[in-house]
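K.L.:
Each chain is listed here by its residues.
Number of protein chains: 4
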Amino acid sequence: MQARSITMLGTGLIGDFYTMTLHGQRGRDAVRVVYSRSAERGAAFRERWSVPESTTDLEAAVRHPETDVVVVGVPNFMHEEAVSIAADAGKAILCTKPLGRTAEEARRMLDTVERAGVFAGYLEDLCYTPKTLKAIRSVEAGAIGDVTWVRSRETHPGPHSAWFWDGRLTGGGAIIDLGCHCIEIIRNFVGKGNRPVDVLCHTDTLVHPIADEDNAVALIRFESGAIGQFEVSWTFRGGMDLRDEVAGTHGTIWLNHFLRTGFEMFTAGGGEGYVAEKAETAAGWLFPVGDEVSELGYVDMFTDMFGALDEGRQPRETFYDGYVVNSIMDACYRSAKSRVWEPVDLDWRGGVTPRIGIVAETYEGHTVIKREVLPDGRQKLILKDAQTGDFVDRIVARG
Amino acid sequence: MQARSITMLGTGLIGDFYTMTLHGQRGRDAVRVVYSRSAERGAAFRERWSVPESTTDLEAAVRHPETDVVVVGVPNFMHEEAVSIAADAGKAILCTKPLGRTAEEARRMLDTVERAGVFAGYLEDLCYTPKTLKAIRSVEAGAIGDVTWVRSRETHPGPHSAWFWDGRLTGGGAIIDLGCHCIEIIRNFVGKGNRPVDVLCHTDTLVHPIADEDNAVALIRFESGAIGQFEVSWTFRGGMDLRDEVAGTHGTIWLNHFLRTGFEMFTAGGGEGYVAEKAETAAGWLFPVGDEVSELGYVDMFTDMFGALDEGRQPRETFYDGYVVNSIMDACYRSAKSRVWEPVDLDWRGGVTPRIGIVAETYEGHTVIKREVLPDGRQKLILKDAQTGDFVDRIVARG
Amino acid sequence: MQARSITMLGTGLIGDFYTMTLHGQRGRDAVRVVYSRSAERGAAFRERWSVPESTTDLEAAVRHPETDVVVVGVPNFMHEEAVSIAADAGKAILCTKPLGRTAEEARRMLDTVERAGVFAGYLEDLCYTPKTLKAIRSVEAGAIGDVTWVRSRETHPGPHSAWFWDGRLTGGGAIIDLGCHCIEIIRNFVGKGNRPVDVLCHTDTLVHPIADEDNAVALIRFESGAIGQFEVSWTFRGGMDLRDEVAGTHGTIWLNHFLRTGFEMFTAGGGEGYVAEKAETAAGWLFPVGDEVSELGYVDMFTDMFGALDEGRQPRETFYDGYVVNSIMDACYRSAKSRVWEPVDLDWRGGVTPRIGIVAETYEGHTVIKREVLPDGRQKLILKDAQTGDFVDRIVARG
Amino acid sequence: MQARSITMLGTGLIGDFYTMTLHGQRGRDAVRVVYSRSAERGAAFRERWSVPESTTDLEAAVRHPETDVVVVGVPNFMHEEAVSIAADAGKAILCTKPLGRTAEEARRMLDTVERAGVFAGYLEDLCYTPKTLKAIRSVEAGAIGDVTWVRSRETHPGPHSAWFWDGRLTGGGAIIDLGCHCIEIIRNFVGKGNRPVDVLCHTDTLVHPIADEDNAVALIRFESGAIGQFEVSWTFRGGMDLRDEVAGTHGTIWLNHFLRTGFEMFTAGGGEGYVAEKAETAAGWLFPVGDEVSELGYVDMFTDMFGALDEGRQPRETFYDGYVVNSIMDACYRSAKSRVWEPVDLDWRGGVTPRIGIVAETYEGHTVIKREVLPDGRQKLILKDAQTGDFVDRIVARG
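Chains as they are written, first to last, in numbering that gives the first Met the number 0: chain A, 0 to 398; chain B, 0 to 398; chain C, 0 to 398; chain D, 0 to 398.
Rather than coming from a laboratory, the hints here were simulated on the basis of the structure. Please note that the accuracy of each hint is not assured.
Distance windows between CB atoms, simulated [said to hold, decoys possible]: (1) A:Thr387 - C:Ile394: 39 to 45 Å; (2) A:Gln378 - D:Glu52: 57 to 63 Å; (3) B:Leu168 - C:Ile357: 31 to 37 Å; (4) B:Arg370 - A:Glu371: 55 to 61 Å; (5) B:Asp56 - A:Tyr362: 30 to 36 Å; (6) A:Gln378 - B:Ala59: 35 to 41 Å; (7) C:Tyr362 - A:Thr387: 54 to 60 Å; (8) A:His159 - C:Lys379: 51 to 57 Å; (9) A:His159 - B:Thr361: 31 to 37 Å; (10) A:His159 - B:Glu363: 18 to 24 Å; (11) A:Gly364 - B:Pro51: 39 to 45 Å; (12) A:Glu58 - D:Pro64: 45 to 51 Å.
16 Å max Cα-Cα, derived EDC-like pairs, lysine to aspartate or glutamate [said to hold, decoys possible]: (13) A:Lys277 - B:Asp56; (14) A:Lys369 - B:Glu279; (15) A:Lys336 - A:Asp110; (16) C:Lys277 - D:Glu279; (17) C:Lys369 - D:Glu279; (18) D:Lys277 - C:Asp15; (19) A:Lys191 - A:Glu222; (20) B:Lys379 - A:Glu279; (21) C:Lys277 - C:Asp15; (22) D:Lys369 - D:Asp346; (23) A:Lys379 - A:Asp392; (24) B:Lys277 - A:Glu371; (25) A:Lys277 - A:Asp15; (26) B:Lys369 - A:Asp87; (27) B:Lys336 - B:Asp203; (28) C:Lys379 - D:Glu371.
Since this is a predicted model, take the numbers as computed values, not measurements. Each residue gets a CB set at the ideal place from its N, CA and C atoms; glycine is no exception.
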């Protein structure tokens with residue numbers, strides 16, 4: 000493993016989380032220089048995380064002679080510019096989510112890094128939570144059979160920074176902010192080679208006085224027949240709700256990343272400072288998580304990114320994945336307006352996935368619909384009569 | 000309270016649950032006669048529940064001189080006939096869910112009982128679970144503000160009886176079986192006077208070799224802007240998953256009716272018989288519920304029905320509600336085919352519901368997007384500049 | 000089933016819960032007259048629950064010509080007098096927990112009803128919660144093997160009524176109030192015929208300015224070797240914590256009766272009234288239960304009591320059980336002072352229970368300590384060498 | 000931060016967990032040489048974790064010229080020897096739990112490292128789980144007031160290695176294996192300066208054919224009046240149950256480290272290999288954790304240890320702590336035999352802790368027992384009359 004020296008672009012919440020991770024535990028990597036649009040915030044960040052230098056000059060930060068990796072943590076509207084400069088500088092680039100404000104923008108960024116031949120990773124932390132990684136391995140090992148449905152939910156009461164609320168700068172509302180996580184989680188569970196075919200999305204602005212959506216629900220239909228379903232909201236009350244559910248033909252997975260993780264605290268108040276990201280109350284029943292940067296995937300994410308860089312392989316999450324996510328979000332926004340299923344327009348590199356298979360068992364020429372074991376050990380078969388189409392029960396000896 | 004003498008139509012799982020409830024605890028009501036299409040099943044039922052008489056004559060059962068209430072628990076395709084006879088006999092009628100196989104059928108049944116002037120209740124048990132009733136009261140008392148979204152999920156590995164699998168007899172697949180519950184739960188939370196405007200539904204048949212859907216997801220848009228979302232499946236693994244989630248502008252409600260209710264058991268096997276409805280395993284970690292007929296709403300349902308009958312009022316769940324549910328399911332099936340949002344065609348009796356209101360606060364002429372309390376007690380306002388449309392932070396003194 | 004007409008003694012919280020249960024759902028039994036020490040509270044109760052009469056004359060209430068059952072819900076120090084009068088009147092008697100303030104008092108009450116030959120039931124509701132009843136059935140069916148340990152925990156922030164705090168009137172503090180529940184729950188799980196041998200108890204008064212204990216922990220050793228452990232507190236923060244855990248040689252049971260039962264609500268406040276018994280907050284995350292009188296066992300308790308009365312059998316919980324509980328509590332108080340294990344002094348009617356059995360398997364003459372299945376299907380045996388006493392691993396072929 | 004080169008002693012489960020942690024993520028530290036009593040296991044370990052060298056020569060491993068830290072992960076009976084050699088070599092020493100088989104042994108080890116002046120850390124991982132660390136910070140910040148009671152529970156079906164079952168090699172049974180964790184967790188919550196005064200312990204051997212205890216429950220009384228309670232078992236069924244509960248005068252904390260952490264999976268079987276440490280089943284409902292080495296505290300433990308070494312400070316867990324734990328376990332074993340509270344014999348370095356304080360509020364000269372807010376905003380006071388000692392209710396105007 001090679002120690003990495005990093006240019007950090009951005010000093011907001013995400014820059015804090017990234018640097019807390021990189022400088023945490025016994026890590027070998029370190030932020031060498033940080034860029035902020037504000038000299039003040041840059042200096043505070045430098046102090047906060049013991050970073051040697053800060054600057055308000057983006058170009059200088061990226062081209063800093065001692066760094067080999069550039070982490071893009073600036074607001075969405077600056078991603079493309081930052082990536083361009085970093086690619087031109089020939090450095091490894093790690094870009095936060097979402098990759099672009101639109102698929103078109105994401106596509107240009109993908110082209111940029113591919114043309115430059117630089118390493119590029121997509122910082123989609125929630126695909127790297129330890130629970131998610133282990134669950135994906137279980138799915139890949141066949142523990143739940145074929146995946147039929149994935150629900151990914153990410154909701155909280157709304158972002159902390161002003162620019163997040165400005166669709167011109169971000170590309171949209173809750174979908175752009177939160178839906179990008181959900182979509183990529185879903186893709187990891189249904190299989191990245193499983194083409195997203197079309198999308199149905201409903202959006203609304205129910206609580207906040209803004210032009211973009213503060214609530215959205217969407218269905219994504221994949222080539223295998225699997226359905227991805229995401230729910231995002233900036234109006235959830237009670238903290239930050241991050242849950243995933245996966246249904247398969249032979250099993251089920253439920254993940255709760257934040258509000259119910261085995262840490263429950265009641266306090267009459269008076270003691271605590273920070274409880275957890277997006278926590279709404281400091282008294283009553285609280286549900287902190289243990290180690291946020293681990294539970295939210297940041298630790299495993301950087302391990303994969305730098306490991307890939309060391310080993311000359313692709314990371315789990317690439318700029319192409321970011322582009323696919325943007326393409327699906329574009330289709331969501333189109334569908335929310337057209338109110339029909341919209342195709343996902345996409346330069347697809349993933350191949351073909353067969354339909355989830357139904358293999359009908361037969362019994363004396365009739366289709367077996369279901370087998371149930373009776374208390375006495377015999378089996379009840381529900382059969383569909385091949386001639387009449389009628390459904391009948393049949394009790395048979397054991398197995 | 001007047002003790003009721005009941006004609007029970009049907010001896011399947013639902014007849015068992017109903018009679019277990021009626022004959023349970025210190026109840027004053029009793030099944031006097033039971034009708035079954037099979038003399039054998041009728042006799043077994045009579046024995047099982049100490050019912051004085053059984054018959055295979057539907058008309059005779061309904062017109063039994065000593066009963067005043069007819070409970071319709073026969074398969075869906077027989078509901079209309081049973082209701083007609085009972086209405087003609089002038090008896091109070093309680094009909095299991097779904098009311099009809101289609102809205103048209105349900106409408107005819109509604110007309111029948113209204114014409115006959117008999118008492119008619121819709122046996123939608125899951126709207127009567129103690130948790131649901133208490134949650135609805137909380138919502139009505141304003142505990143979570145305006146309801147913006149309701150998720151109702153009902154999934155299991157598939158029905159136990161052959162006729163359930165035959166769409167000709169039932170009217171469809173998992174939607175007809177399970178979606179009817181979800182829809183009415185959703186209506187109770189968004190308000191029964193809140194008109195269901197249109198519906199988007201996706202269905203698929205992924206596991207069982209049948210013609211009807213074994214999986215479906217739907218969105219229901221209500222007049223207020225609230226969204227109801229249901230997920231139904233006959234392919235869920237792990238038992239019976241009955242969960243509801245309600246989001247409001249000021250709060251959140253999560254209900255789990257079956258798999259996680261505070262009863263957890265691990266057994267190495269060898270001991271137990273019945274664990275719970277639709278349980279898949281008899282060893283390992285099991286999640287029974289305490290008192291199924293109470294937790295699933297049967298007890299409170301019959302209390303409301305007979306209380307309404309005693310007091311000459313409408314029950315909480317009426318044939319009109321059953322008709323609304325069928326109308327929404329019809330729209331779901333149309334949408335699953337057309338793949339667009341389909342209007343809910345309905346003879347609406349519920350009035351008009353205003354849109355969920357956004358009341359934008361202003362600060363020095365700018366729109367306040369969000370207020371956050373800082374650790375030092377000051378407040379951070381996120382403002383939208385009235386002129387430029389830009390979003391900015393502003394720190395102000397406390398409160 | 001015979002409808003019962005009841006004399007209710009007492010108008011406090013417990014009188015309310017009992018009457019709410021008796022008059023709830025479709026019950027056939029009714030309170031005919033209520034006794035209160037205060038005419039005002041009696042009148043309010045009469046109004047609240049539609050009871051025909053109230054009186055401040057205990058004797059008159061008990062001897063009311065139209066009642067056949069007397070429910071004793073007055074404070075502990077009045078139990079003996081009430082039971083004496085009711086026994087003398089020849090009526091069925093149901094007495095709330097604890098039976099007496101001491102085993103001596105309980106013993107006299109037991110003698111009184113046995114001498115009078117009247118029906119007597121011990122109203123220990125928490126042994127009748129639907130979860131507890133089902134769990135006991137599972138244990139009796141062998142689902143978890145031999146019970147080795149039971150933890151019963153009942154804690155809350157302290158009683159609502161003044162007399163509860165006065166040890167002269169109640170017999171003690173948190174043990175008398177809450178420990179009686181735990182002890183009888185434990186007995187139900189280890190088996191009522193399993194003699195409680197001795198007790199170790201620690202008590203303290205940590206928060207409230209009272210003379211009696213506001214916290215206690217105790218261990219009860221049963222003849223089989225099983226250990227019962229109870230934790231009671233009047234200083235718990237966060238609501239009412241009612242949990243039981245049962246460990247067996249082949250399984251485990253965890254019951255949560257109140258704070259985590261599948262009903263979770265976040266409210267920003269402003270809406271709700273009553274949340275749940277002993278709830279501490281009306282905003283933030285709240286955990287109501289569905290139907291308190293069902294979940295806390297009142298419904299099944301009265302069904303058993305009146306069923307026993309109808310059928311001429313003993314109820315599940317008798318005055319003898321109440322006497323055993325008092326005997327164990329007496330031993331707890333002695334142990335808290337002496338700081339040694341104190342024997343449970345008891346007129347034992349329960350027979351003899353064998354020690355939990357260890358049947359050691361042998362392999363080639365050595366004792367098998369453990370078998371583990373390896374990933375390749377072979378088994379690893381941990382053996383204790385018969386000669387040397389050394390422990391060694393041995394890998395063997397499958398099965 | 001200085002990169003550390005490590006001598007690892009031991010190749011069992013604990014050696015694996017330690018090395019997985021050290022070599023995991025982007026860590027800068029590495030195992031340079033591993034010692035095993037078996038050349039074969041040493042070679043396999045070397046291979047498994049890419050360790051440059053293995054040896055069966057303990058002395059050579061410890062004195063390896065390129066290592067500066069020795070991690071003692073050999074069986075208990077070898078701790079003292081290993082520590083002696085390492086101290087003599089002047090290296091930093093990290094020793095796994097329990098420190099010694101007895102307090103006497105632990106004391107000698109403490110003296111050894113203090114005499115040698117080497118850095119010494121006690122590898123008590125469960126005091127370092129992210130949840131535990133955050134909970135301790137909350138307690139220290141006053142979030143739950145004064146701690147009155149801590150329950151720590153650690154149970155599973157029994158160890159995997161033969162030597163663990165041999166009390167001659169380990170010092171005892173489940174207490175030595177698991178109780179050491181619980182005791183130190185309890186000390187962290189009640190405060191390390193809070194002297195453990197005396198101990199009451201019950202042990203039994205209920206399931207396994209061994210001479211040492213397979214079940215134990217103990218109470219530890221601290222100088223403040225706080226009670227620590229631990230439950231350990233080698234006969235638990237259902238996996239590994241690691242839970243802590245902390246009660247304070249103003250709050251409550253519940254931690255679940257293993258079986259309920261927001262990861263739930265049902266599988267019909269056929270897919271998975273390793274589920275989790277001590278998991279009993281590979282099908283049905285399973286409860287894996289995300290990242291075991293993080294959730295079980297190994298990551299934060301080594302960060303603290305090496306951080307302390309870098310900074311010249313003591314780690315959170317020292318050999319003195321290990322000695323205190325052994326002293327408490329010794330008292331437990333004495334109490335299990337004597338059946339009385341046994342004093343904890345200890346060379347105490349921790350100072351004096353005041354008793355948890357009761358500050359009684361008065362109202363018109365009477366002691367206030369409790370305040371409750373009524374629905375109308377008035378307050379109900381429960382008062383103890385200063386003269387009569389009677390308890391009375393008093394309704395007063397708001398606050």
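K.L.:
Hint by hint, say whether it matches the structure.
P.N.:
Structure-based check of all given hints:
1. A:Thr387 - C:Ile394: 39 to 45 Å: Violated, since threonine 387 of chain A and isoleucine 394 of chain C (Cβ atoms, about 57 Å apart) do not stay within the stated range.
2. A:Gln378 - D:Glu52: 57 to 63 Å: About 59 Å separates the Cβ atoms of glutamine 378 of chain A and glutamate 52 of chain D, which means 57 to 63 Å holds.
3. B:Leu168 - C:Ile357: 31 to 37 Å: Violated, since leucine 168 of chain B and isoleucine 357 of chain C (Cβ atoms, about 57 Å apart) do not stay within the stated range.
4. B:Arg370 - A:Glu371: 55 to 61 Å: Hint holds: Cβ distance 56 Å, inside 55 to 61 Å.
5. B:Asp56 - A:Tyr362: 30 to 36 Å: At 34 Å between Cβs, range holds.
6. A:Gln378 - B:Ala59: 35 to 41 Å: 36 Å, holds
7. C:Tyr362 - A:Thr387: 54 to 60 Å: 59 Å, holds
8. A:His159 - C:Lys379: 51 to 57 Å: 53 Å, holds
9. A:His159 - B:Thr361: 31 to 37 Å: 21 Å, violated
10. A:His159 - B:Glu363: 18 to 24 Å: 21 Å, holds
11. A:Gly364 - B:Pro51: 39 to 45 Å: For proline 51 of chain B against glycine 364 of chain A, whose Cβ atoms are near 43 Å apart, the range 39 to 45 Å holds.
12. A:Glu58 - D:Pro64: 45 to 51 Å: 48 Å, holds
13. A:Lys277 - B:Asp56: Given that 16 Å is the threshold and the Cα spacing comes to 63 Å, the pair is violated.
14. A:Lys369 - B:Glu279: 13 Å, holds
15. A:Lys336 - A:Asp110: Measuring from Cα to Cα gives roughly 29 Å; hence the hint is violated.
16. C:Lys277 - D:Glu279: Distance ~38 Å between lysine 277 of chain C and glutamate 279 of chain D Cα, so the pair is violated.
17. C:Lys369 - D:Glu279: 13 Å, holds
18. D:Lys277 - C:Asp15: 48 Å, violated
19. A:Lys191 - A:Glu222: 11 Å, holds
20. B:Lys379 - A:Glu279: 15 Å, holds
21. C:Lys277 - C:Asp15: 15 Å, holds
22. D:Lys369 - D:Asp346: 41 Å, violated
23. A:Lys379 - A:Asp392: Cα-Cα ~7 Å, so holds.
24. B:Lys277 - A:Glu371: 10 Å, holds
25. A:Lys277 - A:Asp15: 15 Å, holds
26. B:Lys369 - A:Asp87: 39 Å, violated
27. B:Lys336 - B:Asp203: 11 Å, holds
28. C:Lys379 - D:Glu371: 60 Å, violated
Hint violations for this structure: numbers 1, 3, 9, 13, 15, 16, 18, 22, 26 and 28, all remaining hints satisfied.
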